[in-house]
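Chains as they are written, first to last, in this note's numbering: chain A, 69 to 263; chain B, 25 to 457.
Just so you know, nobody snuck in bad clues.
The list that follows gives simulated cross-link-like pairs (lysine-lysine, DSSO-like), each with its CA atoms no further than 27 Å apart:
id : chain 1 : residue 1 : chain 2 : residue 2
1  : B       : K240      : A       : K168
2  : A       : K251      : A       : K227
3  : B       : K402      : B       : K438
4  : A       : K251      : B       : K438
5  : A       : K251      : B       : K397
6  : B       : K351      : A       : K229
7  : B       : K402      : A       : K229
8  : B       : K28       : A       : K110
9  : A       : K251      : B       : K423
10 : A       : K229      : B       : K397
11 : B       : K142      : B       : K124
12 : B       : K54       : A       : K153
13 : A       : K227      : B       : K28
14 : B       : K351      : A       : K227
15 : B       : K436      : A       : K153
16 : B       : K343      : A       : K168
17 : B       : K28       : A       : K89
18 : A       : K153      : B       : K240
19 : A       : K227      : B       : K438
20 : B       : K28       : A       : K251
21 : B       : K436      : A       : K251
22 : A       : K229      : B       : K438
23 : B       : K240      : A       : K229
24 : B       : K124      : B       : K144
25 : A       : K89       : B       : K240
26 : A       : K89       : A       : K110
27 : A       : K227      : B       : K402
28 : B       : K240      : B       : K274
29 : B       : K28       : A       : K254
A few chain B positions that, by computed beta-carbon distances, are all more than 10 Å from chain A:
id : residue
30 : A134
31 : T182
32 : S212
33 : E263
34 : I267
35 : P268
36 : E269
37 : D286
38 : N388
39 : D442
40 : T445
Derived from the structure by calculation, the hints contain no laboratory data.
We treat Cβ as the ideally placed atom computed from N, Cα and C, and that holds for glycine.
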Amino acid sequence: MLFLFTVVDDSSPTAAQSEEKLEAALVRLSAGDEQALEEIYKLTRASVYGLALSILKNRYDAEDAMQDCYVSVFQHASSYRSEGKALAWILTIARNLSFKRLSARSRISPEEEDFERYIENDAPQFNVNEQRMILGEVLRILSDEERQIVILHAVSGLKHKQIAQLLELPLSTVLSKYNRALKKLKAQLQEGEQI
Amino acid sequence: MTNKSIENKIKNEIEAQAPNNFSAIASACKSSQTKGKVITMKKNRKPLIIKMIAVAAMLVLVLSLSIASIISVNAVETVISLDVNPGIEISVGKNDKVRKLVATNDDGEAIITDLDVKGKTLDEALDLLLARFVEEGYISADTNSLLVSVKAKKLKNTDELSQRITDSINGKLTEAGVEASILTQVVSEHDEIEALAEEYEMSFGKARLIYELVQKDGRHTFEELSALTVHELHLLLKETKLIPEDVKAKGEISESELITKDEALDAALAEAGLEKDAVSDIEIEFDYLKSRNERKGILVYDVEFESEDTEFEFDVDAKTGEILKSKNEPVDEEDKPEKGEKPEENEEDEENEEKYKGEKRPENLIGKEEAFKQAFDKKGLNAEDFDEVEFDVDFKGDKWQYEIEFEKNGEKQKVKIDAVTGEVITPADKPAA
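Using the sequences and the hints given, assemble the complete structure.
In C-alpha cells, the structure reads:
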C-alpha cells in the first residue's frame with residue numbers, strides 16, 4: 069500500500085508571522101515609536117487598499133480612504149490594546165472610514181457606476197493582464213458583501229471566521245456568500261474565455 | 025481555474041495597484057498633528073420641551089438652597105463638566121467663584137450664549153444652567169441622564185467634592201420635578217482623552233466615559249459613540265453592563281422613550297409576516313446603528329430569528345419601532361433572492377439547475393446549521409476548533425449532499441452529509457492533496 073504524505077504549503081505560517089510583526093509594530097507605535105508606522109504600512113497597505121476598493125469601487129477614493137486610515141491609526145494607536153488582533157483593528161478603521169467616504173460621496177453626487185469608470189480608466193489591453201481583468205469582474209459582478217468577503221480572504225488572508233467577525237455577519241452567511249461569489253467569478257471567466 | 029488561483033490573481037493585482045508611498049502618509053500624519061480638529065459635529069438634538077416642568081423649574085430653582093462653600097475645600101482651580109447633550113465646562117476658582125463657562129458643543133453654546141455668570145458662585149451658576157437644561161427640554165422625565173465630571177488640579181477631596189455636587193444637582197432637579205439619573209466621575213489629566221475631546225467637540229468628561237467604553241468593548245469605536253447623547257450612552261452602558269467601576273450612578277435612568285424588547289420583536293415579526301410560534305432562535309440585543317450610514321447614533325434593537333428555512337435579521341429603531349434595516353438569508357442554500365439584493369442573485373439557481381441536471385432541490389433538506397452539527401459531532405469538533413470551513417451543497421449519485429471541509433492549521437478534513445437525512449456519507453480523513 070502506498071501512502072502519500074503531502075506537505076501543505078499554505079500561506080498561513082507567513083500570515084501568522086506577518087500578524088506577529090504587525091502586532092509588534094502596532095504596540096511600538098502605541099508606545100510612541102512613530103517609525104513603526106512605516107512597517108505597519110508595508111505590512112498592511114494591500115489589505116487596507118483592497119478593503120477600501122471593495123467598498124468604494126473606485127481606486128482614487130480607495131487611495132484617499134487608505135490615507136485617512138493610516139492617519140487614524142497614527143492618531144489612535146495608543147488606544148490599541150494588544151490582543152493579537154492588529155490587522156482586524158486596522159481593517160475595522162479602514163472599513164469605517166471607507167463607509168464614511170462612501171456616504172459623503174453619495175451626498176455629493178448620485179452614485180455613478182464606479183466599476184465602469186474603473187474599466188474605462190484602467191482597462192487593460194485585452195488578455196494582456198488577466199489579473200486586472202479578474203479584479204474588474206470582482207468589482208463589476210459581485211454584490212457589496214461578496215466583494216468584501218472575497219477580497220478580505222484573498223488579499224488579507226483572513227479566515228472566514230475572522231471575516232464574519234469583522235463584517236458582523238454570521239459565519240454561515242460569509243461561507244455561502246464566499247462560495248457563491250467564487251462560482252459567479254468562475255462562470256464569468258469561462259464565459260469570457262468562450263468569447 | 026481554481027478558487028486559489030483566482031484569489032492569487034486578485035491578490036497580485038491589488039498588491040500591484042495599492043499605493044506604495046509612505047512619505048505621503050507620513051506627511052499627512054504630521055499635518056494632522058498640527059491641524060487639530062478633524063471632524064466637526066453639528067447635531068442639534070433637542071428633545072421635546074416640557075414647558076410645565078420648565079416653568080416650575082425656574083420658579084423653584086431661584087429659591088433653591090445654596091451649596092455654597094463646597095469648592096472651598098479645594099483651594100485650587102477645579103473644572104466641573106456637565107453633559108446632557110449640551111456640554112458645558114465650569115471653571116471654578118477659590119471662593120467658589122465661577123471663572124468661566126465653556127461650551128464644548130453647539131448645543132452647549134446655545135445654552136450659555138446669553139448667560140451671565142460673572143461673579144456668581146458655582147451654586148448660582150448651577151441653578152441657572154440646570155434651569156436652562158430643563159427649560160430647553162434637554163433634561164426631562166423621559167431623558168433624565170446627566171454626566172458630572174470633576175477635574176481638579178489636585179485630586180485631594182475630589183471624591184467628596186463630586187459627591188456633594190451630585191447631591192446638590194440631584195436636589196435641584198428633584199425640586200424642578202425631574203427625577204434625574206446622574207453619572208458622576210472624577211477625572212484626571214490624560215493627553216489622549218483631551219485630544220479626543222477636542223477632535224469630537226465634547227467635554228473631557230464625556231470623552232473619558234466613551235474612551236473607557238471603547239477600551240472595554242472593542243466592538244465600539246470612539247467616533248460611533250460620539251454621536252450618542254449622554255442619555256443614549258447611559259442606556260447603552262446600562263444594557264451592556266459596562267458602566268466603568270469608578271463612575272457612580274445615582275437615580276434610575278428613564279427608559280420611557282424606548283419600546284420594549286417584546287415590542288421590537290413584534291415589529292420584526294410583522295415585517296417578516298410571521299407569527300412568534302413559527303420562529304426559533306430568537307436573539308434581541310440592544311445596540312446602535314454604526315457609522316456605515318448617515319443615521320448613525322440611533323439606538324436599535326438588533327433582532328434575529330429563524331423560520332423553518334430562513335434566517336432573519338432586523339435593526340428596529342428602539343424609540344419608534346420602525347424597521348431600519350432588514351436582511352434575510354435562506355437557512356440552507358439560496359432558493360430565492362435576498363431582500364434588497366439584485367435579481368441577478370438568481371443566477372446561481374439557474375446554474376445549479378443545469379448542473380444538477382434538472383434535479384430540483386427538495387424542500388426537506390436539513391438546515392446548514394444541522395449539517396454543521398452532524399459534521400462536528402462526527403469529527404468530535406467544536407465550532408471554535410477550526411480555522412476555516414468550505415461548504416457546498418450538491419446532487420451526486422442519487423442524493424443531495426452537503427460537503428463540508430474543515431481546515432485547522434493547514435490540515436483539511438472533508439465530511440459529506442446526506443442533505444435530507446443528516447447521515448454522514450463519507451467520514452474519511454485525509455490530508456489535502
